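Order-wise, the sequence lines are chains A and B. Residues 1 to 237 in the working numbering are what the first sequence spells out, letter by letter. Residues 1001 to 1249 in the working numbering are what the second sequence spells out, letter by letter.
Worth flagging that the hints you see were computed from the coordinates, not collected in a lab. You may find that some hints are simply not true.
The calculated lysine-lysine pairs, modelled on DSSO-like cross-linking and capped at a C-alpha distance of 27 Å, are [to be verified]:
hint, chain 1, residue 1, chain 2, residue 2
1, A, K167, A, K124
2, B, K1047, A, K76
3, B, K1047, A, K70
4, A, K71, B, K1006
5, A, K76, B, K1249
6, A, K61, B, K1002
7, B, K1148, B, K1171
8, B, K1047, A, K61
9, B, K1047, A, K71
10, B, K1209, A, K71
11, A, K24, A, K167
12, B, K1209, A, K207
13, B, K1111, B, K1002
14, A, K165, A, K24
15, A, K45, A, K70
16, A, K76, B, K1006
17, B, K1016, B, K1148
18, B, K1016, B, K1209
19, B, K1002, B, K1020
20, A, K71, B, K1171
21, B, K1016, A, K71
22, A, K165, A, K116
23, A, K24, A, K116
24, A, K76, B, K1209
25, B, K1111, B, K1171
26, A, K116, A, K70
27, A, K76, B, K1111
28, A, K71, B, K1002
29, A, K61, B, K1020
30, A, K70, B, K1209
31, A, K76, B, K1148
32, A, K70, B, K1002
33, A, K24, A, K124
34, B, K1016, A, K70
35, A, K70, B, K1006
36, A, K70, B, K1111
37, B, K1002, B, K1047
38, B, K1020, A, K71
39, B, K1111, B, K1016
Values in this document were obtained by computation on a predicted structure and should not be read as measured data.
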Amino acid sequence: MSLTGLFLTSFLVVHLIGNLQLLKADSGFSFNAYAVFMTTNPLIKTVSWGLYAIIILHAVKGLALAVENKKTRNVKYAVDAGNSNSHWTSRNMGILGTIILAFIVVHMSDFWFSYKFGETPWKKYTIEFANPEQINVEEISGVTKSVNIVSETHQVLIAKDLYLKVKETFSNVIFVIFYVLSMFAIMFHLWHGFASAFQSLGINHPKYNPLIRSLGIVMAVIVPLAFAIIPVYMFLN
Amino acid sequence: MKLTLKIWRQNNTQTKGELKTYQVDNITDDMSFLEMIDVLNEGLVQKNEGPVAFDHDCREGICGMCSMVINGKPHGPSDAVTTCQLHMREFKDGDTIFIEPFRANAFPVLKDLVVDRGAFDRIQQAGGFVSVNTSGNTIDANAIPVPKENADMAFDAATCIGCGACVAACKNSSAMLFVSAKVSQFALLPQGAPERKERVLKMVEQMDKEGFGACTNTGACAAECPKEISLENIARLNREYLSASFSSK
Ligand code: HEM
Ligand code: SF4
Ligand code: FES
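Using the sequences and the hints, build the whole thing.
What follows is the structure, encoded as C-alpha cells:
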C-alpha cells in the first residue's frame, strides 16, 4: 500500500504540472502539445500502463485490507469514541479511496477514452518565433496522426483538440462540482495517507518527521487545491 | 455521587450478551473506578444477583489486568492511566457511564467484562524472550556497554504491561503497538541481537494467526495506551520486519 500510494502521489505532481497548461491563454496550444507528448513518447506510454496497473493494485489491495480489518470485531462497541483518539480520515481510507476510484473511472472516460477512441476535432497551430505571442489556429479534418514540426522560424503542431473537450466538460457546472469534491476526497485521503506511507515503511525519525509533515501538507492540501482551481477557472472563463 | 451504569453482561463465550442498566449511590470522588464497581457488586450480592465479573490484580497500574472500555475509551477518559488508577472524580453526579469489555475477535469474552487475552501470551511465547540462562551465572549489568539513549528507549518499550488497550482502541483490532513494544525492547539492546530476525518474524506470524487486524496507522492505540508506548515502536517493528524478511534464510 505504501509504495503504490507514494507512486500515485508522485504521479499527481507530474499530472498537475501538465494540467496547469490548461490555464494558459493560448487556445490550448501548450496543453494539446503536452497531450501529444504524453500519448506518443514510448517511455511515457510504458509508464502510463504501469500507472493503470498500480491504481488497480492499490485499489484492490486497499479494499481487501479495509474488508479484512472490518472482520476482526464482530460485536461492535455501543459507544464509539473514535474521534477522541484518531483522525476521521484515517478511519475512512476505504471510503475515500472508493470515491477517488469512482472519480478516476469518470475522469478516464471523460478525457482519456474520448481522446484515444472517441471523436475529437483536430487543430493546426502555427507559431512564428519572431512573434510567439501570436498563435495561428485553424480547424482541420482528415488527419489521423499528430505532427509537430519545428523549424528555425516556425513551429507547426497538428493535434487532437483535447483542450476543447476539457473546456466543454468544464462548462457544465455539475462536472465542475464533481471534480472539486473529488479533489477534496484526494485531500483527505492524503491527509492521512502520505505520512502513513512513511510510517508503514518504518520511517519515523525526529530528524525527518518535520520534512515529511511539511511535504504532506503540500501533497495533501496544495496539490488537490491546485487541481481544483482548474475546473473552476475554466468554468468562470 | 449517584450514577447510572450500562454494563455489558454475558454469561460465557458461547452466549450472547447485552447491556444492562444499574444505579449506584454513595460513590465518592477518591474512589477508583474498580472500587465503584466493588460497591455496585456488594449491592448486587445482597440482592442475590450475580456480581459483574471483571479482571483486576495489582490495582496500581502494573499488571495490565483491569481491561474494560468506559464510554468508548479503553481504561476510561483519563490519559496514561489504567482503569484501576482512574478516579471517580473524573465523573459527575448523575452521569450515565457505559462499561463494555475489550472488543476484538482475538479477545473472546469469557464473562461480562472479562476477556481472554491468551493471544498475547502466545505471541510472547513465539519469540518475546532472550534464550539465556539466567540462573547461577548472572553477568554484571555493565559488562556489555549499552548507549544511554538506547537503554532509555528500550526501557520505555518495556513499560508495556500487555493490557490490550491498543487492540481495544484500534478499529482494526490490530496488536501492532503491543508487538512493537515487545520487539523493540530487545531490538534496541545487544542482548536481543542473536535472535533478532527470528524473533520479529515469529511474533508477527503468531500475531496474524491470532486474528488481529492489520495496522493502518490511525494512532488510536498510542492515544489510549496507559503506558504511552509511542508509534515510533511500530515504525521500528516495520523496519525490523522488512529487513528480517529480506535477509532471513
Ligand atoms: C489519486 C490516487 C491515490 C493516491 C495518490 C493514493 C495514495 C495513498 C497513500 C499514500 C496511502 C497510504 C499508504 C500506507 O499507509 O501505507 C493510501 C492508502 C490507501 N488507499 Fe489510496 N491512493 C489513491 C487512490 C486510491 C483508490 C482508488 C483506492 C480504493 C478504491 C484507495 C484505497 C486506499 C486504502 C483503502 C488505503 C488504506 C490504508 C489505510 O487505511 O491506511 N486509494 N493511498
Ligand atoms: S502497548 Fe500499551 S495499550 Fe498496548 S498492551 Fe502495551 S501497555 Fe497496553
Ligand atoms: S489491576 Fe493491575 S493494572 Fe489495573
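Taking each numbered hint in turn, which are not upheld by the structure, reported in ascending numerical order? Of the numbered hints given earlier, those the structure breaks are 2, 3, 5, 6, 7, 8, 9, 12, 15, 17, 26, 28, 29, 31 and 32, listed in rising order.
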